Amino acid sequence: MAKKKSSTKNNKKKSAAIGKTGILSPGKKAPDFSLHSTPDQTVSLSEFHGRPVILAFYPADWSPVCTDQMSLYNQILPEFQKFNAEIFGISVDGTWSHVAFSKDRNLKFPLLADFEPKGKVSALYGAYSNKSGESERALFVIDKNGMVSWSYLSPDGVNPGADGILDALEKLYPEKKEHSAAGVPS
Amino acid sequence: MSEHVPRLKLSVGERDHIQGPADAKVTLLEYGDYQCPYCGEAYGIIKKVQEKFQDDLRFVFRNFPLTEIHQYAGTGAEIAESAGAHGKFWEMHDFLYEHQSHLSNPGFFLDYAEKNLGLNAKLMNEEISSHVYVQRIREDFMSGVRSGVNGTPTFFINDLRHNGDYQFETLVTAIEQALKPAPVAPVTKIKKTKKVRAKK
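As given, the protein sequences belong to chains F and U, one line each in that order. Per numbering that gives the first Met the number 0, numbering through the first sequence is continuous, rising by one, with the last residue being 185. Per numbering that gives the first Met the number 0, numbering through the second sequence is continuous, rising by one, with the last residue being 199.
Wrong hints could be hidden among the right ones.
To be verified - Distance ranges between label pairs, derived from CB positions:
# : chain 1 : residue 1 : chain 2 : residue 2 : range
1 : U       : 86        : F       : 45        : 49 to 59 Å
2 : F       : 146       : U       : 158       : 30 to 40 Å
3 : U       : 51        : F       : 116       : 49 to 59 Å
4 : F       : 170       : U       : 159       : 20 to 30 Å
5 : U       : 166       : F       : 131       : 17 to 27 Å
6 : F       : 25        : U       : 182       : 29 to 39 Å
Just so you know, these hints were derived from the structure itself, not from any lab. Just so you know, these numbers come straight off a predicted model, no measurement behind them. We put the CB at the ideal spot given by N, CA and C, even for glycine.
Please construct the entire structure, taking both the sequences and the accompanying hints into account.
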């Protein structure tokens, strides 16, 4: 019981920084982190200061459908690159799972392992589900100054797609809009 | 943060491949990939759905080839579009979904085009080799991305993304819902001084 009380206290503290849905809301500083992308490589958010960053938290590798969220982002990677944006997938799976999953899906962007301590970074962004023990399906667009400019928590079991990310990037960098596939694409 | 409701960003128009009357009560639009096994499964279901609703339903197909995971999906779309440019889109669309296992061999489909659809296979081959329809396929694809397509197949019913599965019963229920006339909101007067709060 004592443990429960203290977690409620922590949640109250957190609620000052996170929005109604529980995830970190726009206008907040994106917490820095350092996570493994491969067994011997780590990625820190601060390395990408000066560029927009997309964080896509997702529940687990090996989704049972062939066209999962990560495959979709992989397919439209050139659209993100038009904004010089870097995208990272983040789940609580370990690096070996990520390596195998990336290879299987031919992913060309890094998947980060929020594995130890489990879900720590997901929780920092308000995107960790204590119930399932997995990251929630939450998206963040971080501007070049390291501030959250857009965030979205997808309902259970719904793949959020990429329209919200592209809309947010266009809003941030309207000058890039004409060079990207805005609206009806070229 | 408001709830995100994915809505079709590129309206159905002259550029589209459409089955069914223009004044149908409901439009079912699919973003699909010719190599995707789930789209192959949905193909037969759509036929049954069309049969059930007849002229109340029009069906639109747009390309959403996930070429990073389906290496023949792009060619499949090009074959369909080439046949479409010569007036035989739906015939080729059906044949592609009925023969997905042959997608690695475009000649199989070009033979069919020539022998069964009366098309010029040599011309089609030239068009496919020079990627004449890639731009159009890309337009389809990006219109899907911007509309919230999140995998294949993704369906839209009257411009709203269908978040349910694509089983016959699910699609029928969703279409029947769309067929119902929109309820007329009762006119109620709300006193400005009173705050209306939703009960928890």
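Of all the hints numbered above, which does this structure not satisfy? Sort the numbers upward. none
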